[in-house]
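**Student:** Here the structure of chain A is known, so what remains is to put chain B in place on it, guided by the hints.
There are 2 protein chains.
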Amino acid sequence: GKLLVVPMDGSHWFTMQSVVEKLILRGHEVVVVMPEVSWQLERSLNCTVKTYSTSYTLEDQNREFMVFAHAQWKAQAQSIFSLLMSSSSGFLDLFFSHCRSLFNDRKLVEYLKESSFDAVFLDPFDTCGLIVAKYFSLPSVVFTRGIFCHHLEEGAQCPAPLSYVPNDLLGFSDAMTFKERVWNHIVHLEDHLFCQYLFRNALEIASEILQTPVTAYDLYSHTSIWLLRTDFVLDYPKPVMPNMIFIGGINCHQGKPLPMEFEAYINASGEHGIVVFSLGSMVSEIPEKKAMAIADALGKIPQTVLWRYTGTRPSNLANNTILVKWLPQNDLLGHPMTRAFITHAGSHGVYESICNGVPMVMMPLFGDQMDNAKRMETKGAGVTLNVLEMTSEDLENALKAVINDKSYKENIMRLSSLHKDRPVEPLDLAVFWVEFVMRHKGAPHLRPAAHDLTWYQYHSLDVIGFLLAVVLTVAFITFKCCAYGYRKCLGKKGRVKKAHKSKTH
Amino acid sequence: GKLLVVPMDGSHWFTMQSVVEKLILRGHEVVVVMPEVSWQLERSLNCTVKTYSTSYTLEDQNREFMVFAHAQWKAQAQSIFSLLMSSSSGFLDLFFSHCRSLFNDRKLVEYLKESSFDAVFLDPFDTCGLIVAKYFSLPSVVFTRGIFCHHLEEGAQCPAPLSYVPNDLLGFSDAMTFKERVWNHIVHLEDHLFCQYLFRNALEIASEILQTPVTAYDLYSHTSIWLLRTDFVLDYPKPVMPNMIFIGGINCHQGKPLPMEFEAYINASGEHGIVVFSLGSMVSEIPEKKAMAIADALGKIPQTVLWRYTGTRPSNLANNTILVKWLPQNDLLGHPMTRAFITHAGSHGVYESICNGVPMVMMPLFGDQMDNAKRMETKGAGVTLNVLEMTSEDLENALKAVINDKSYKENIMRLSSLHKDRPVEPLDLAVFWVEFVMRHKGAPHLRPAAHDLTWYQYHSLDVIGFLLAVVLTVAFITFKCCAYGYRKCLGKKGRVKKAHKSKTH
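Chains as they are written, first to last, in my numbering: chain A, 22 to 526; chain B, 22 to 526.
Excised from the complex, chain A in its bound form (with noise of 0.2 Å):
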């Protein structure tokens, strides 16, 4: 078949690639639509790439991710409306941004047009592969780790009780007090205001694009699968629906033998073994403090530390913390001598560790890390840190515990043997759906008839108002014929005791 990728930049591309790769291994005519300027979109794919020019350059995407990423070591978002306030909005604007330089380019656009490609594999987080597939009227599969402000729970039409479903970006377990329910509510309503604004320019770029005033649902609401890259050994079991794709794990890979660097490393670990810890591909710089802190905790443990850092060296490193600018992490969680992986539980990372059964100790920082950690601290799998407020002691404690209370390693060891329990692997589970999509031209069967209807009919307040109403009407009906029938009753008895009364008189 014909397919049409429009991937994200940043840590996304890379699962999306290896299905991308899978693709064009299996014969597919692939084209990848990617911006001139990115970090991770590599042009190294054995397929068409397009490229466009944008209105900004590297160097100011960078400014932009460092100002968001510097954000997040001051204040961490537990709410979109604390998103909007913070400085990453710029940050998302300006990858909002790149979609009207794609449609800028005509030459572009039009051979896009006369491509008439099968389906468009996208990653919604620009939401500029949703309005190519919008505006091409191409059927599409959405390929992501989860979606802001409730866009997937409208697209899909899917159920999310507040009541057990907590909110992104909360940080609550599925078991909610009822004073986190309350928060749960109000924080939900509170998405419902501010999103908008957060997507206000994405919004106005897709009506611009489509010449017509468009909501996230519109955009949204025509994928006709979503693949997303999580299941529930991560995440809480929820209602789902019938063309939502769990693909949890896509990203782990059989070990491959370590180079011989990381070799040594390990031998020289001795009995202790080793701890990995890395913050994941997009943040290469913590604050010194911070970095001080951290270092003197890493110090205190009989461990050998693989710390994958590209920020300038805390003096007080000790013997025992080696580090690196690049490691194989997978591959390093993979072997026996490691016992624990200090992350920012970025769903990439955390996988690996669930992959390979590796204890962690998690410092959160933005995005879905925050959710990702508290699943699997509340499922026994690790300890969690506020990285703004973890002092070294608290790292240090976290370490021993992790490595030394053989309940950590028990629980990642069942959440790893119910992970990797499974009748396909991810990978080929999305190829499948890929190429369903392009054989059907959509899933037409999957879409629920929800779709078609205003969200007073799918609550039934029009069916409740109706029925209250019948009831009400029969219930004052019977009422007054009541009533009536006892003053007619009454009167009688009334004239009967007159006339009694005048008799005995």
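Treat the hints as calculated values from the structure; they're not laboratory data. Predicted, not measured: the structure shown is a model, and the values here were computed from it. In this text, a Cβ means the ideal position worked out from N, Cα and C, and glycines have one as well. Certain hints may be false.
Some but not every residue of chain A turned toward chain B, in silico, with C-beta under 10 Å [claimed, not checked]:
(1) Ser184
(2) Arg443
(3) Phe453
**Tutor:** Relative to chain A, chain B alone:
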């Protein structure tokens, strides 16, 4: 692993048996527990079969079923209330009663207790399997097409918005008019009222065996995995839960060569081909007048009709209609010369029609058959006739439409290609999940936290009540303050005016 199987008699066992046989082939130790008295529960299984005597004989069972089957030829149950009022409940109560016999067999109960099974694989229709699972505290895998009275939705805590999820037995589609949606709500309430009577006997027996009062929810809510013999080619898309696995079409087999007799019928049918006619294994007798009307219609089409019928031969049977006691339904439907399938729209028959791409004329009788027929009709794969009211002409027209109007064939072929395009075959998927539950002693990670909430917490009535109270209190206080402030201002103005007046007089 070690698996206990608690099957249900009748056509339910056909497909469950294929899963049991595959599990035996894969080396699992399987024990099937069944009543001595049964229609279809063969003893020739290659595993341990434990039987127990029942308080009724096969004649009792046949008689009760005859009463039930005949009742369907008089009035089709379109709600639980009508099912209750019809003489069907006698048949249900007979089925519920055999569980008491199982637990009266002390030797058998001891045997089951000592066998330390890893899981129970059960058909929930007569609730006995559920009682066994609860009694021995075993993780359970439920195998069913669906369950009346919302026991599936409640047992799995699965939302089913009444605005587009039609109630069982109603034969509505997912695109309901306002009137249908009102009726859907009323029947839903009616179900809640009358289901407890329909299952009264079953719950009494359960409470007696478990020595504690139990509700239907208590029995259904411990299910680890729901293997549902449906998919969204047949059913309308709606919310589902992560522990619901869809294995619709598990009864479809690769066509085998036809016995000589049937090959001959087909060859003799010339260019017109054949029509297959069967009202399923449960219907052996059609009222004579109805049978003659059917025979009359069948005589009016050029195709050869193979009619599986064990009742008295209609006197007006035409030459093109051949009566047989049994026919290889799936293999006949797989033959290219088969033009149409006249069926009662039981889920087995409907799936064989979907798998082989044969359009249908549907005469639903009871249970889920009306709903199956409605779904196939709305998807353009066949015509539904009300078997009670239909005339010979209706049947003749329906047959000619389905055979001659190409759209029916195109629609059923489209459904067929959608249905058969799946990553895992239903039988393998069913076997995988039974083994999963045995390996992991259930699937606790798929159990939603909703089970730990009361109904008003689940619907957030307490939170909404609290928030409303807060809002009203704040509004009331604000109102009072404004009123007080207003009066204060007004009071001042009043005194000024008075002072002004006294000066000017």
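**Student:** Please list, smallest to largest, the hint numbers that this structure does not respect.
**Tutor:** Failing hints: none at all.
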